[in-house]
Amino acid sequence: MCGIAGLIHKDKSVNIGSELQSMLQALKHRGPDSTGYALYADNDGQNFIMRFKVGENVGEGSNAVNEEASVYDERKKIVDKNLSDLGAIIVKEERLTPYSFRYEIKYDKDLMKFSKKIESAEMTEILSIGKSLELIKDIGDAKEVCDRYNLDKITGTHGIGHARMATESGVDIKSAHPFWGYPFSDVSVVHNGQLTNYWNNRRALENKGMRFMSECDSELIAVYLAEKMRNDATLEEGMKDSLKGLDGVFTYFVATKDSLGMAKDTMAAKPLVLYESDNLVAMGSEEIAIRSILPQEIDTYDPFDGEVKVWQI
Amino acid sequence: MANLKTTEKKSKAQSMGMHTEVLTGRTQQKFFNPDEAENFYYFGTYEVDFNKRTELDVKNMEAPEANKKIDSLMSEGYGTIVIKNPQGKHSLGVGILNKLNLIFEGSLGYFGVGSCDGPSVRINGRVGWSCAQNLMAGKVVVEKNAGSSFGAAIRGGDLICKGSVGARTGIDMKGGTIIVGGDAGAFTGFMMQRGRIIVLGNVGINLGDSMYDGNIFIGGKIGSFGSDAVTSDLTSSDKDWLKRKLKVAEIDENFDVSKMTKIVAGKKLWNYDNLEPTEKKGAI
Numbered sequence: 000m001c002g003i004a005g006l007i008h009k010d011k012s013v014n015i016g017s018e019l020q021s022m023l024q025a026l027k028h029r030g031p032d033s034t035g036y037a038l039y040a041d042n043d044g045q046n047f048i049m050r051f052k053v054g055e056n057v058g059e060g061s062n063a064v065n066e067e068a069s070v071y072d073e074r075k076k077i078v079d080k081n082l083s084d085l086g087a088i089i090v091k092e093e094r095l096t097p098y099s100f101r102y103e104i105k106y107d108k109d110l111m112k113f114s115k116k117i118e119s120a121e122m123t124e125i126l127s128i129g130k131s132l133e134l135i136k137d138i139g140d141a142k143e144v145c146d147r148y149n150l151d152k153i154t155g156t157h158g159i160g161h162a163r164m165a166t167e168s169g170v171d172i173k174s175a176h177p178f179w180g181y182p183f184s185d186v187s188v189v190h191n192g193q194l195t196n197y198w199n200n201r202r203a204l205e206n207k208g209m210r211f212m213s214e215c216d217s218e219l220i221a222v223y224l225a226e227k228m229r230n231d232a233t234l235e236e237g238m239k240d241s242l243k244g245l246d247g248v249f250t251y252f253v254a255t256k257d258s259l260g261m262a263k264d265t266m267a268a269k270p271l272v273l274y275e276s277d278n279l280v281a282m283g284s285e286e287i288a289i290r291s292i293l294p295q296e297i298d299t300y301d302p303f304d305g306e307v308k309v310w311q312i
Numbered sequence: 000m001a002n003l004k005t006t007e008k009k010s011k012a013q014s015m016g017m018h019t020e021v022l023t024g025r026t027q028q029k030f031f032n033p034d035e036a037e038n039f040y041y042f043g044t045y046e047v048d049f050n051k052r053t054e055l056d057v058k059n060m061e062a063p064e065a066n067k068k069i070d071s072l073m074s075e076g077y078g079t080i081v082i083k084n085p086q087g088k089h090s091l092g093v094g095i096l097n098k099l100n101l102i103f104e105g106s107l108g109y110f111g112v113g114s115c116d117g118p119s120v121r122i123n124g125r126v127g128w129s130c131a132q133n134l135m136a137g138k139v140v141v142e143k144n145a146g147s148s149f150g151a152a153i154r155g156g157d158l159i160c161k162g163s164v165g166a167r168t169g170i171d172m173k174g175g176t177i178i179v180g181g182d183a184g185a186f187t188g189f190m191m192q193r194g195r196i197i198v199l200g201n202v203g204i205n206l207g208d209s210m211y212d213g214n215i216f217i218g219g220k221i222g223s224f225g226s227d228a229v230t231s232d233l234t235s236s237d238k239d240w241l242k243r244k245l246k247v248a249e250i251d252e253n254f255d256v257s258k259m260t261k262i263v264a265g266k267k268l269w270n271y272d273n274l275e276p277t278e279k280k281g282a283i
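Just so you know, the sequences run in chain order A and B.
Counting in numbering that gives the first Met the number 0, the first sequence runs from 0 upward without gaps.
Counting in numbering that gives the first Met the number 0, the second sequence runs from 0 upward without gaps.
Among the clues, some could well be false.
Straight-line distance between alpha carbons at most 16 Å, and here's what the computed EDC-like set of lysine to aspartate or glutamate pairs gives [said to hold, decoys possible]:
id : chain 1 : residue 1 : chain 2 : residue 2
1  : B       : Lys143    : A       : Asp140
2  : B       : Lys244    : B       : Asp227
3  : B       : Lys161    : A       : Glu92
4  : A       : Lys9      : A       : Asp240
5  : B       : Lys261    : B       : Asp232
6  : B       : Lys267    : B       : Glu252
7  : A       : Lys27     : A       : Asp140
8  : A       : Lys256    : A       : Asp43
9  : B       : Lys143    : A       : Asp298
10 : B       : Lys242    : B       : Asp255
11 : A       : Lys91     : A       : Asp109
12 : A       : Lys80     : A       : Glu67
13 : A       : Lys308    : A       : Asp231
14 : A       : Lys105    : A       : Glu92
15 : B       : Lys161    : B       : Asp237
16 : B       : Lys58     : A       : Glu296
17 : B       : Lys143    : A       : Asp240
18 : B       : Lys83     : A       : Glu296
By construction, these hints were calculated from the structure, which means they are not laboratory data.
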């Protein structure tokens, strides 16, 4: 059991980090192990924002192997050198925790080649690349992660998030959601459910050159959609196709720079409550997530089995 | 089994082990004796007056606290309780084994009014998954939409949703009636064993999958039939019953019930007792 939440403001920017934190905190009972945010922020859109980690959070509850802090510094140096080799220019860099960083970079070439080069450093994983996507995930509940990364100061139009109860893989950042839609900028996915044809799909996608960073079945959705989009499918087409290609029980959200989508499997075995108005869509695994930002009486509903919806800002 | 003709026991019931005794072991058994019926009471029930009304604001309460407060109000004789600000909380109004008018001014989360026997509940909002699960008797009316597993395993009573419901409505139900004014999702009537489901709108795939018994009436389109679900003729008594039920449910009195599709189980089971639980109650 995990909790997912998402919202999109169609006509304005708000404190999206704070709103999503409220929604995810309300779902803490569904997933206390780790929390992740994919926030679409009001950045200037000139440069890429790259969030990456060079190690794991080895705090309480983590399955990760303990490492010396100096190891992180060495890996960061390798990342910086790789960036230089790729011709990318670091405009601004922030060290958010001993193991995670946020870089603003100038780069205009192939993102797949870029990603492979950066991730060639040991234990290094790009959490996200995008002009507006800020993907943050770590061990702890929604408030702890929000406070750790100062997310309540991020404004934007939309976002998706995930409160994870680890079932199929370890308690660590690499298995936490959201997953970036490698190698597409500004694509992220969160998922609640289980995928039963994970390995078959993974082998097929790896043969097509797609990369997996974890053994979490949910990562398959991001890679699956990315592969469809790489072959010129629209997001909505890819999502509809996923209802046939992915086996199991699932409800997932996917977000891009200007859109937010949801898909529910044909068994409708995983919950989702949806609120939709002219200027706001809010959805979550339980109604209390929506109530945390809309306490007044509102009309909500459960999308039906096999339903796919996409909203634009 | 004991030989009833030659037994020296005082009664046949004693020979068959059907006597009252106090056990000092890990279990205690007490068998029903009609002569002692007046001594029996339903644990946790109270004499309430429907005209005695109060309000309870649960905005800052957790579900257990709110439910205890409802119980406490019933013990004070309140027969009409209005719950303010439920705000989608889970497990509100559960385990009420009493006659009671319970009104929620807002929406409920999961397991709302579960395991109840007797109350009349009106929810002026929406409900999440598994609303009124295990309902034994009473009436529950939801003014807006409902989530999946609506009326799971109910044994009796009327469960009404004026909007649309999610998947697996009436899953494993063993009696009672579920009425839906809008559409219903996949697997409606999944493994239902008794009772009746009425959906005025469309239903999703696998309708009545693995149903044992009971009747389903659909007013709109059917996504697909599940295993063991087949159509049956709509009789005049079915139509009369549907009209009565829709009138009581306050959904659409003028709905043309003659165009509804009736679905029943296509298989016959061995050793299957299709007596409704409420009928069993009457027999006792």
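Evaluation of the provided hints:
no.: 1; hint: B:Lys143 x A:Asp140; result: violated (32 Å)
no.: 2; hint: B:Lys244 x B:Asp227; result: violated (26 Å)
no.: 3; hint: B:Lys161 x A:Glu92; result: violated (55 Å)
no.: 4; hint: A:Lys9 x A:Asp240; result: violated (26 Å)
no.: 5; hint: B:Lys261 x B:Asp232; result: holds (7 Å)
no.: 6; hint: B:Lys267 x B:Glu252; result: violated (34 Å)
no.: 7; hint: A:Lys27 x A:Asp140; result: holds (7 Å)
no.: 8; hint: A:Lys256 x A:Asp43; result: holds (13 Å)
no.: 9; hint: B:Lys143 x A:Asp298; result: holds (7 Å)
no.: 10; hint: B:Lys242 x B:Asp255; result: holds (9 Å)
no.: 11; hint: A:Lys91 x A:Asp109; result: violated (21 Å)
no.: 12; hint: A:Lys80 x A:Glu67; result: violated (21 Å)
no.: 13; hint: A:Lys308 x A:Asp231; result: violated (19 Å)
no.: 14; hint: A:Lys105 x A:Glu92; result: holds (12 Å)
no.: 15; hint: B:Lys161 x B:Asp237; result: violated (21 Å)
no.: 16; hint: B:Lys58 x A:Glu296; result: holds (13 Å)
no.: 17; hint: B:Lys143 x A:Asp240; result: violated (32 Å)
no.: 18; hint: B:Lys83 x A:Glu296; result: holds (11 Å)
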